[in-house]
Amino acid sequence: MPPDAATTRPARRNGAEEHRLDDEVLLFVPSSEQAFTLNRSAVAIWELCDGIRTIEEITEELGQCIGRSRTALLTDVIQGVTRLYELGLLELR
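Under this note's numbering, think of the first position of the sequence shown as 192, with each following residue one higher.
Please note that a few of the clues may not be correct.
Using C-beta positions, here's what the derived DEER-type ranges look like [unchecked claim]: (1) R204 x E248: 33 to 41 Å; (2) E224 x D195: 18 to 26 Å; (3) S223 x A263: 20 to 28 Å; (4) Q255 x E224: 33 to 41 Å; (5) P221 x S260: 33 to 41 Å; (6) P221 x A263: 15 to 23 Å; (7) D267 x L217: 17 to 25 Å; (8) G206 x S260: 32 to 40 Å; (9) E224 x M192: 28 to 36 Å.
Hints in this document: simulated from the structure, not taken from any laboratory.
Note that CB positions come from ideal geometry on N, CA and C, so glycine has one too.
Please take these sequences and the hints and turn them into a complete structure.
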């Protein structure tokens, strides 16, 4: 079941090392020895997952940056947050 966009506050888990590669980010998790490459869209979501903003607030902020409506972006942001959570990179509060 997807997270509730109005109340869920995704937060980055501690321990992931970030390495910038042009317009992507490589995340390395030493505890599991796993690495993940985030594209520009995933990086934009990742950087806003601070445990304070809700998914709706993240979507609103992204929409303002790229000139798209919250409605147009919400499904994509929920999918991005869900995938980062499934990979163990985020916790949902």
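Outcome of the hint check:
For the pair R204 and E248, the beta carbons lie near 20 Å from each other, so the given range of 33 to 41 Å is not met. Taking 18 to 26 Å as the suggested C-beta distance range, the pair E224 and D195 does not conform, at roughly 33 Å. Against the hinted window of 20 to 28 Å, the Cβ-Cβ separation of S223 and A263 comes to about 34 Å, which falls outside the hint. Checking the proposed 33 to 41 Å range against Q255 and E224 shows it holds: the Cβ atoms sit about 37 Å from each other.
A beta carbon spacing of about 39 Å between P221 and S260 agrees with the range 33 to 41 Å that was offered as a hint. The supplied range of 15 to 23 Å is broken by P221 and A263, whose beta-carbon atoms lie about 37 Å from each other. A beta carbon spacing of about 22 Å between D267 and L217 agrees with the range 17 to 25 Å that was offered as a hint. Restraint check, G206 to S260: a C-beta distance of roughly 35 Å satisfies the suggested window 32 to 40 Å.
Evaluation of the 28 to 36 Å hint for E224 and M192 yields a pass: the beta carbon distance comes to about 30 Å.
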